[in-house]
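Position chains H, S, E, Y and Z against the provided structure of chain G, taking the given hints into account.
6 protein chains.
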Amino acid sequence: MKPLFSSLLQLRTRGSVLLLPRTMSERFGGKHRSVTMNHAYNTKGENATKPTERYPMPDKKDLPHDIIEHMEEAKVKNGFLPNVFKVMANRPEEFRVFFTYHDVVMNKKTGNLSMADKELIAVAVSIVNHTPYCVIAHSASHRKYSKKPSLADQVAVNWKMADLSDREVAMLEFALAVCRADNITEEHFQKLEAHGFDREDAWDIGSISAFFAMSNRIAHFTDLHPNPEFYIMGRIPREKEKTSSS
Amino acid sequence: MKPLFSSLLQLRTRGSVLLLPRTMSERFGGKHRSVTMNHAYNTKGENATKPTERYPMPDKKDLPHDIIEHMEEAKVKNGFLPNVFKVMANRPEEFRVFFTYHDVVMNKKTGNLSMADKELIAVAVSIVNHTPYCVIAHSASHRKYSKKPSLADQVAVNWKMADLSDREVAMLEFALAVCRADNITEEHFQKLEAHGFDREDAWDIGSISAFFAMSNRIAHFTDLHPNPEFYIMGRIPREKEKTSSS
Amino acid sequence: MKPLFSSLLQLRTRGSVLLLPRTMSERFGGKHRSVTMNHAYNTKGENATKPTERYPMPDKKDLPHDIIEHMEEAKVKNGFLPNVFKVMANRPEEFRVFFTYHDVVMNKKTGNLSMADKELIAVAVSIVNHTPYCVIAHSASHRKYSKKPSLADQVAVNWKMADLSDREVAMLEFALAVCRADNITEEHFQKLEAHGFDREDAWDIGSISAFFAMSNRIAHFTDLHPNPEFYIMGRIPREKEKTSSS
Amino acid sequence: MKPLFSSLLQLRTRGSVLLLPRTMSERFGGKHRSVTMNHAYNTKGENATKPTERYPMPDKKDLPHDIIEHMEEAKVKNGFLPNVFKVMANRPEEFRVFFTYHDVVMNKKTGNLSMADKELIAVAVSIVNHTPYCVIAHSASHRKYSKKPSLADQVAVNWKMADLSDREVAMLEFALAVCRADNITEEHFQKLEAHGFDREDAWDIGSISAFFAMSNRIAHFTDLHPNPEFYIMGRIPREKEKTSSS
Amino acid sequence: MKPLFSSLLQLRTRGSVLLLPRTMSERFGGKHRSVTMNHAYNTKGENATKPTERYPMPDKKDLPHDIIEHMEEAKVKNGFLPNVFKVMANRPEEFRVFFTYHDVVMNKKTGNLSMADKELIAVAVSIVNHTPYCVIAHSASHRKYSKKPSLADQVAVNWKMADLSDREVAMLEFALAVCRADNITEEHFQKLEAHGFDREDAWDIGSISAFFAMSNRIAHFTDLHPNPEFYIMGRIPREKEKTSSS
Amino acid sequence: MKPLFSSLLQLRTRGSVLLLPRTMSERFGGKHRSVTMNHAYNTKGENATKPTERYPMPDKKDLPHDIIEHMEEAKVKNGFLPNVFKVMANRPEEFRVFFTYHDVVMNKKTGNLSMADKELIAVAVSIVNHTPYCVIAHSASHRKYSKKPSLADQVAVNWKMADLSDREVAMLEFALAVCRADNITEEHFQKLEAHGFDREDAWDIGSISAFFAMSNRIAHFTDLHPNPEFYIMGRIPREKEKTSSS
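Chains as they are written, first to last, in numbering that gives the first Met the number 0: chain G, 0 to 245; chain H, 0 to 245; chain S, 0 to 245; chain E, 0 to 245; chain Y, 0 to 245; chain Z, 0 to 245.
Just chain G, same shape as in the assembly (with noise of 0.2 Å):
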């Protein structure tokens, strides 16, 4: 029997790779709230919608089924389609391995690292890459996982002088020195575990940092924009929102 085709029938059986789409919606919201965000915020005089044409969106007819079955599943979880998924469907192959990757490191059930703190590596990472589709949709995530609306804005600007616990410092730090490709020493290891993270969690950050060093450098050369509906995701408590919304 073919090897890696049973393995990704075992993942199939446990389900994890299977509820990428669904956590990729989950990470930016619920519908109700981001339909109702895009009446609200017209973003029409300001260029920020500047459409992806370097590598456009195929035609539909053109794309392999599971492909748009994905898209239209993660468009209805959103409220829109977030352009990372645009432009990674010029390459099937690579969207199905790319989308199975992300999945693995950031939704990993085990370990000490929850989703705030994936998606604060995400944003640390990503701003050392200048990478504006990276920071700007994963400071939207971490709004909402964290409930703090401007701590991801602080880490943007300046990641040490942000209102950080001391074991989210530990964290990033680990994760930048592996943005930087810095020899990795026993020494990194020893400050981790004196926040609480064993060689598990070193290596979950470090695999986020890396799968953010790959995905950062794929959204350059694609010229991948952000969606504007992530600049405004998660800045207003929820209870306003719905009010406003009503």
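The hints are all genuine.
Partial list, computed: chain E residues near chain Z (C-beta under 8 Å):
| # | residue |
| --- | --- |
| 1 | H129 |
| 2 | I135 |
| 3 | P148 |
| 4 | D152 |
| 5 | V156 |
Hint data in this document are derived by calculation from the structure and do not stem from the laboratory.
These figures come from a predicted structure and were not determined experimentally.
Note that beta-carbon positions come from the ideal geometry of N, C-alpha and C, so glycine has one too.
Here is chains H, S, E, Y and Z on its own, set in the frame of chain G:
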């Protein structure tokens, strides 16, 4: 007669310096809006309001009368007192000359730089120096003047990938050359001229960049942090805001 | 039906993913040669075989069946098991998606990049990140595919002084711009086009560069070291080798 | 009453701002010496007197009275008019606030910084920014105040190898951390305290460093060049000088 | 009597300088082996033998007798003439003093540096300067002296991840501090002493590093390329080599 | 006959090497002037004469005769013994080859580089490496040869803003490209040719830059400090000097 004094007398007659507090508050929105925002935006769960403890604001009774007057006027007009006033109050002489200098370069009425242009330069320079207060506060001002809710965020991540006009790119290229303390050559001026900026505009851009070279560094050694109100200011179109606060 | 699974089913039918283990071993020479080399090249006096102790390979009994199958196949075909398989075996899910991603970008059959081109990009990017495993292993692969025994060494020291064609220089310039997370502009694409690389080739170059941005960093935090066999592989023309091992 | 004005009135009463022109000329030696030097040091063979042509000094008839008064006083006292006055005269408002700011930070009478200390900071910061005017002019001032004819030259080449006391090293370390726009932490303050600098001294050092961050950049975009008199000033002990000019 | 000459006369008597050509050839293996290698390693398909055309070797008839003698001796002993001799022959005076300097620092018999240590320093420094000739040629020498076929390659990619002893790490740290033109402090010497290197050894390490700072740059402006023979030299244990060439 | 020796015999006959001590002293002014300066310039109040304690000069009785002769000749001619002789005396063999190399590149009589040009290169390169001895000593030499009392100071701060001819700029651009260990391409040579420098001049510029790459680093690890006499040398026109010392 003592020359410096007479010149400052002239300034008073023309009133330009005296407009400072008025302009500062104008920069950060009117009273009602800010007050509303303070209600809507409760940051207690997040430590974004970290007090500037390194050089805490002196007691009012120890401050000169003119400093107190300035601060109260700024507070009334903004709905909150920007932290830079609290920190600079530690040094009344520097307080006076710092805010006067700020106004001379930021509120200059002649030339081809709009208020939004000036704020954009402030953001771009402050990002290079990783100065949270200046990035966050001047991003807020930029949103207010430009009516573009996400351009400052784009510039903060990567100004070369932001939705800027060629004219804005030329302006920021000059500002950032000054910011890096590059040698400024005739070629720099020619590039500006190609986009309608004459030598006086070049001086204006250079002065703003140089002023933030100074103020960014003051912010660093005084450990100046942004007021939480700045993060959300100008992100939501006023129409909606009015509705939601009614 | 779940979309991601169905797409992987398609992959299986077409067999492209399944070629991974076969291609990996092909990359590092055939069985007989490697076995011979192991005899000829005794590294005991030198500590080049430093075991990857930071994340030692799990016991086989703890590994999923498909991971074991992959590793055994790789070992048989190479004559030795490349250390990257041992390290990645610590994380079966990441093992699967990492090697699948590797194959998607490195074994793509269409476009203008030869196998030697792809390996050259891997070497050039990995040198920037100072990653021993990836430089040494992909230099070996490059020697094998290109039949040029010293070009990879030249690129490792100073690619701009290496004996490269103008086409190869253009290819590496793009790959390294992506590697540095530079902003990628239309000018970059035009330079590629001048040497016969279209937009799809640009994506291929960019994807390889981005993939190694990730894998270099994984190598760093896992402390991955090259197998000693890589250093000599492909340095001696096969004719001589056969003679000497007979 | 307008607050800013009243504060400047106070300044006048206390006279600190009014001392500016007097102090500036004091900084660069008395009248007789300079005049002598102008005779002895003929720079016609060398183009060191390169006129500042980018922003030439406006005609006197176009300058406000107070600006002219300042410049004449400076010229009389120095024996020559430092080029910075000529350039800043293009912008009377900036002229006033720039020299006021200079005096506030450079002529502050309280605290533990000597005049020589302040000039040393100016040299060290201006070297980082490669600003000829500020390095040459403030090296001259340092020689005058410190009576050390070569220390500024040493600092200009390599401050860490200069003949500095530990106290001066600590002072420059802080000044240069501010100069580089580093994050300034409590550790920085503790290092200063170990050498007798309290928090108010730290502010003074930081303010001087920040002021030259600004003035260095103004010098760059205005293409400000040192007057030739600065190069030799303070190099020869006054006794000898007097003798030789008799 | 003229002092410099007399000292060189002394050198002759002691013979140390005169050993230069002998040592150079010794460094690159004996005659028979090289000749064999030339047969086995045909680089025609690869342009590694790129002639050094920028400063082509002068005609023998135009060269001083002593230069010719040196070159012939080097050729006989190495089995090939290293390109550095061809390039330097353009300047007989520099040829003499360059190779004399090389021998003074590289062949010094006293102190704690082995021949392999010296070559390792040469490799590490030359990698920093990205100098192909010096990296490739001295890697070959290191393999020969150390009998470690892959350590130089490791150092070339990332010396901090190479299989080095703590003593070698300390040695390279000092050499690279000198290479970067760092300020060298007492702390540097103490670290060396902790690994058995006294002040004379420190000078030796520093001198080698400084010499290659010079020779690397000469190699750059003369466009010096490695002879193809260097790439394979010392990679295969001599026993096998003898067998295969018999 | 031993080749190297014979070549050095030739050198002696032509006398070029033997001119070294004479030229070195010539470089730093005649005897009378220096002696005068020593009286006029008392540095006791300033610690500029910091002795080079790291490698103190050996006792004369332990030095070879030729080294002593050289040093005495240098002292007589300069009026003081430049510290570089004291430090290098620790290693007689390196002393000989170092000063010979210096003279070969700095005193070469052919080609288009003047003595002032060569000293300017030495200053510009030594500034990059922040080497006090070489900057201060060669600035003194430059003042002497060029009769321009402030050009070296300008180059020390910012060579691109110095009062240099286009020819000098081209020369320094090449020298600094070599200094940075840049890859030197045909384009570099073409730029030189546009200013009248042929390939032999390029070699000369490159050799001087490379020599100071070495000597700057030797100065760093030996902690070499400038003699105080260098700081003032050549700053005052000779006519005045003679008068004042009479």
